[in-house]
Amino acid sequence: MMAKERGWKFFRYIGLSILIIITFEASAKAEKPVRLVFAQGTDAETLDPHAITSSPNAIHIEAIYDTLITYDENLNIVPRLAKAWEVSDDGMSITFYLREGVTFHDGTPFNADAVVFNINRLLDPKMRVPLRTYIAFVESARALDEYTVEVKLKYPHGPALHRFTAPVNSMVSPAAVAKYGAEFGRNPVGTGAFKFVEWVRDDYVLLKKNENYWGEGPYVDELLIRVVPEDGARVLMLEAGEADVIVRVPPPDVPRLRARNDINVVVAPSTRVIYIGMNTQHKILRDPRVRRAFNYAVNKQAIVEVLLQGYATVMDSPLTPQYFAYNSIGQYAYNPELAKALLEEAGYPRGFKITLFTPKGRYLMDYRIAEAVQAYLARVGIEVEVKTMEWATYISTILKPLEESPLELFLLGWGPWIVDPDQMLYPLFHSSQWPPNGFGAAFYRNEEVDELLQIGTSSTDQETRRKAYEKAQELIWNDAPWLFLHHEQQIIAMRSNVKDVVILPIEVLHFRKARKV
Amino acid sequence: MVRIIPGDPAQVIAGEYATKETIELIRKQLGLDRPLHIQYMDFIVRLLSGDLGRSIRTTAPVLEELKGRYVNTLILTLLSMAIAFSIGTVAGMVSAVKWNTWIDYVVMVGAMIGVSMPVFWLGLLLILVFSVRLGWLPSVGKGSLAHFILPSITLATIPTAIIARISRASMLDVVQQNYIMTARAKGLSEPKIVIKHALRNALIPIITVGGLQMGNLLGGAVVTETVFAWPGMGRLLVNSVIARDYPMVQGAVLLLGITVIFINLLVDLAYAFTNPRIRYA
Numbered sequence: 000m001m002a003k004e005r006g007w008k009f010f011r012y013i014g015l016s017i018l019i020i021i022t023f024e025a026s027a028k029a030e031k032p033v034r035l036v037f038a039q040g041t042d043a044e045t046l047d048p049h050a051i052t053s054s055p056n057a058i059h060i061e062a063i064y065d066t067l068i069t070y071d072e073n074l075n076i077v078p079r080l081a082k083a084w085e086v087s088d089d090g091m092s093i094t095f096y097l098r099e100g101v102t103f104h105d106g107t108p109f110n111a112d113a114v115v116f117n118i119n120r121l122l123d124p125k126m127r128v129p130l131r132t133y134i135a136f137v138e139s140a141r142a143l144d145e146y147t148v149e150v151k152l153k154y155p156h157g158p159a160l161h162r163f164t165a166p167v168n169s170m171v172s173p174a175a176v177a178k179y180g181a182e183f184g185r186n187p188v189g190t191g192a193f194k195f196v197e198w199v200r201d202d203y204v205l206l207k208k209n210e211n212y213w214g215e216g217p218y219v220d221e222l223l224i225r226v227v228p229e230d231g232a233r234v235l236m237l238e239a240g241e242a243d244v245i246v247r248v249p250p251p252d253v254p255r256l257r258a259r260n261d262i263n264v265v266v267a268p269s270t271r272v273i274y275i276g277m278n279t280q281h282k283i284l285r286d287p288r289v290r291r292a293f294n295y296a297v298n299k300q301a302i303v304e305v306l307l308q309g310y311a312t313v314m315d316s317p318l319t320p321q322y323f324a325y326n327s328i329g330q331y332a333y334n335p336e337l338a339k340a341l342l343e344e345a346g347y348p349r350g351f352k353i354t355l356f357t358p359k360g361r362y363l364m365d366y367r368i369a370e371a372v373q374a375y376l377a378r379v380g381i382e383v384e385v386k387t388m389e390w391a392t393y394i395s396t397i398l399k400p401l402e403e404s405p406l407e408l409f410l411l412g413w414g415p416w417i418v419d420p421d422q423m424l425y426p427l428f429h430s431s432q433w434p435p436n437g438f439g440a441a442f443y444r445n446e447e448v449d450e451l452l453q454i455g456t457s458s459t460d461q462e463t464r465r466k467a468y469e470k471a472q473e474l475i476w477n478d479a480p481w482l483f484l485h486h487e488q489q490i491i492a493m494r495s496n497v498k499d500v501v502i503l504p505i506e507v508l509h510f511r512k513a514r515k516v
Numbered sequence: 000m001v002r003i004i005p006g007d008p009a010q011v012i013a014g015e016y017a018t019k020e021t022i023e024l025i026r027k028q029l030g031l032d033r034p035l036h037i038q039y040m041d042f043i044v045r046l047l048s049g050d051l052g053r054s055i056r057t058t059a060p061v062l063e064e065l066k067g068r069y070v071n072t073l074i075l076t077l078l079s080m081a082i083a084f085s086i087g088t089v090a091g092m093v094s095a096v097k098w099n100t101w102i103d104y105v106v107m108v109g110a111m112i113g114v115s116m117p118v119f120w121l122g123l124l125l126i127l128v129f130s131v132r133l134g135w136l137p138s139v140g141k142g143s144l145a146h147f148i149l150p151s152i153t154l155a156t157i158p159t160a161i162i163a164r165i166s167r168a169s170m171l172d173v174v175q176q177n178y179i180m181t182a183r184a185k186g187l188s189e190p191k192i193v194i195k196h197a198l199r200n201a202l203i204p205i206i207t208v209g210g211l212q213m214g215n216l217l218g219g220a221v222v223t224e225t226v227f228a229w230p231g232m233g234r235l236l237v238n239s240v241i242a243r244d245y246p247m248v249q250g251a252v253l254l255l256g257i258t259v260i261f262i263n264l265l266v267d268l269a270y271a272f273t274n275p276r277i278r279y280a
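In order, the protein sequences belong to chains G and E.
Per numbering that gives the first Met the number 0, the very first residue in the first sequence carries number 0; after that it's consecutive.
Per numbering that gives the first Met the number 0, the very first residue in the second sequence carries number 0; after that it's consecutive.
In isolation and in its complexed conformation, chain G is listed as follows (with noise of 0.2 Å):
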């Protein structure tokens, strides 16, 4: 009797506590600030942009930092720390006109000298700056006189100005950089919309409005960048309504959150692609009839509808539509029957063995969209085995120089962060760009390509450069050095009361001038 007596004491002890806690969290919460909670599946690496690598860190870079001048929602390069800009007649220089009277975060200038600094910075050998190929092609800068600033070219280069864009050419305070040295990275200081408050690794940024923003914004007194790494828990927490803004939403839960009307679901294009690279100098398959007879194999649709449930896009030329000098060429549509003729014709009426590696949980769905591509190739009368890698291990895999790579088909994705087709066609497609100097793993080469190549990523004329990849990507596609698949789209749910947060097509988000109503 006694024991049971205690017993109910114990829980109700229990219940009442939950209730404090419930009550004083609710009385907490009416006089908070307003805060916007977003949640992605990764934590930060660093918060100095000048060394990160990736785009959930992106986000909070464009948060706390700004960059020269940046995209805005179509993609347009718009003014941000530079008023204007000016591109030498040669394009062997760049002049940017500097906005006046702003600070960084710990009250330091920005002026020439400080954007100076940053580029030296970025360009100096001892710093590790993973993602130098956005400023590889700068051969100095100088200050002219306050607020001018001309960044010499080592030489003329296509897309200089989209390079400016990217997130990793963010501006730090020089004195902050000066001041924490090896710990910048953890006590960031930028010009951005938002201040660094704090961070807990694996758990959030913590960030608050920059009350003397230079620019339009910020409209919420604090964000928020929680690490969620499970999808699932991620859409509980916007349910729940203890996030606002989520990533990477499941296809399945998406008809769900559709239904309500307290959430709304955005599902926006992204610049990814996702194919299967194809080893070109392996002995079957550098014959491009075989190449092509894949092509034709693989019902890219059904993988997009079945297994992506629609939110991805078929490739229909290696760029997508978001480029310019995007050429629609047409899908390979699918035909088992000529994928079976091009075999024979190609010698192989029996069909043969081949290894596909894939990572796994890398992309959206990538083993299963492996399993899938294995099943059609069996039915043209190819043995696929399908391989899969942790991440690590599977990079030096692709990293492995010809004469070593096991490679024979590869599924890989690829989104950079600028919207210019150099960075999409340069890297995987010139023959320059082999493992272990690149990524061109498919190790392709056509001389008429690596031409073009060359003269979109040295041409400043922007005619010129389109007729150059609208040819390059002809060429690349009839060539087939992929089995291409699809573009993936981004679906992001957010509650309906957040207004005007920008998504970019680079799988970067905007929360400068994002509210909650």
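If you're looking for bench data, these hints aren't it; they were derived computationally from the structure.
Be careful, since some hints might not be right.
Here are the simulated lysine-lysine pairs, BS3-like style, with alpha carbons at most 30 Å apart [as the list claims (entries may be wrong)]:
no., chain 1, residue 1, chain 2, residue 2
1, G, 125, E, 27
2, G, 470, G, 282
3, G, 498, E, 141
4, E, 27, G, 153
5, E, 27, G, 178
6, G, 82, G, 153
7, G, 339, G, 282
8, G, 515, E, 141
9, G, 512, G, 82
10, G, 151, G, 82
11, G, 512, E, 141
12, E, 141, G, 207
13, G, 178, G, 151
14, E, 66, G, 207
15, G, 31, E, 141
16, G, 282, G, 399
17, G, 208, E, 141
18, G, 359, E, 141
19, G, 512, G, 31
20, G, 153, G, 125
21, G, 515, G, 208
22, G, 207, G, 178
23, G, 339, G, 470
24, G, 207, G, 512
25, E, 27, G, 399
26, E, 66, G, 178
Guided by the hints, dock chain E onto chain G, whose structure is given.
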């Protein structure tokens, strides 16, 4: 061990867009271009001065990164073990005393469900019910006290079920001993026999299993930590292995190793406490 796995931290850091030069440079900066035995000596020497080095992935000092997460994990583990011990032992005892009755069956079926239920699914289900539907508790992350409730229940489920089964078996074993018969013969009341005479002797295997479970929870709560976005050791360890963050993996394993040794010591002390015959000298 981690070094044997193929894959290169420099490549992971540099990502898909890096050039060969960048990767080489990073490798050199990290000292990964030196022979393995020299790197190991370096690690030991620095360890002796309390320096675990810096994380390759985040460049922050390893010790600093570990500190917060270790505390998070420890609190969650202790809470879960408290739940597991209290509910598990009581359920097991009741089940043993009411052996072969419906109470016993209910408890044992419950324990079976507890052991076999996917933690992942249970966690999401709890969030769905208590945060989304009822709105009583916060869903994920940490902050207030209330944030501890759902993850510790989730994490406690499996150890609770295991402890319940062990306590039942151990209890059944003990109640058939002669001295219990003696106690009954003396005319002692049943609760007194169970709690004073039987339980104490039945505790030894329960403590043993509890200690093992606790070691498991410390480093192996990855799934629970992932579902509840809990910044703990399990997730840190997995992420670090994926990124080939050698200093971090070494530091985390070292810290967990020390903790497990400490738990074993506590278990041994608990033996002596519950059963005086085990005391030395």
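Taking the hints in turn, this is what the structure says about them:
{"no.": "1", "hint": "G:125 - E:27", "verdict": "holds, 11 Å"}
{"no.": "2", "hint": "G:470 - G:282", "verdict": "holds, 27 Å"}
{"no.": "3", "hint": "G:498 - E:141", "verdict": "holds, 27 Å"}
{"no.": "4", "hint": "E:27 - G:153", "verdict": "holds, 26 Å"}
{"no.": "5", "hint": "E:27 - G:178", "verdict": "holds, 25 Å"}
{"no.": "6", "hint": "G:82 - G:153", "verdict": "holds, 24 Å"}
{"no.": "7", "hint": "G:339 - G:282", "verdict": "holds, 19 Å"}
{"no.": "8", "hint": "G:515 - E:141", "verdict": "holds, 24 Å"}
{"no.": "9", "hint": "G:512 - G:82", "verdict": "holds, 19 Å"}
{"no.": "10", "hint": "G:151 - G:82", "verdict": "holds, 19 Å"}
{"no.": "11", "hint": "G:512 - E:141", "verdict": "holds, 28 Å"}
{"no.": "12", "hint": "E:141 - G:207", "verdict": "holds, 20 Å"}
{"no.": "13", "hint": "G:178 - G:151", "verdict": "holds, 29 Å"}
{"no.": "14", "hint": "E:66 - G:207", "verdict": "holds, 26 Å"}
{"no.": "15", "hint": "G:31 - E:141", "verdict": "holds, 18 Å"}
{"no.": "16", "hint": "G:282 - G:399", "verdict": "holds, 18 Å"}
{"no.": "17", "hint": "G:208 - E:141", "verdict": "holds, 23 Å"}
{"no.": "18", "hint": "G:359 - E:141", "verdict": "holds, 29 Å"}
{"no.": "19", "hint": "G:512 - G:31", "verdict": "holds, 20 Å"}
{"no.": "20", "hint": "G:153 - G:125", "verdict": "holds, 20 Å"}
{"no.": "21", "hint": "G:515 - G:208", "verdict": "holds, 14 Å"}
{"no.": "22", "hint": "G:207 - G:178", "verdict": "holds, 22 Å"}
{"no.": "23", "hint": "G:339 - G:470", "verdict": "holds, 28 Å"}
{"no.": "24", "hint": "G:207 - G:512", "verdict": "holds, 14 Å"}
{"no.": "25", "hint": "E:27 - G:399", "verdict": "holds, 19 Å"}
{"no.": "26", "hint": "E:66 - G:178", "verdict": "holds, 25 Å"}
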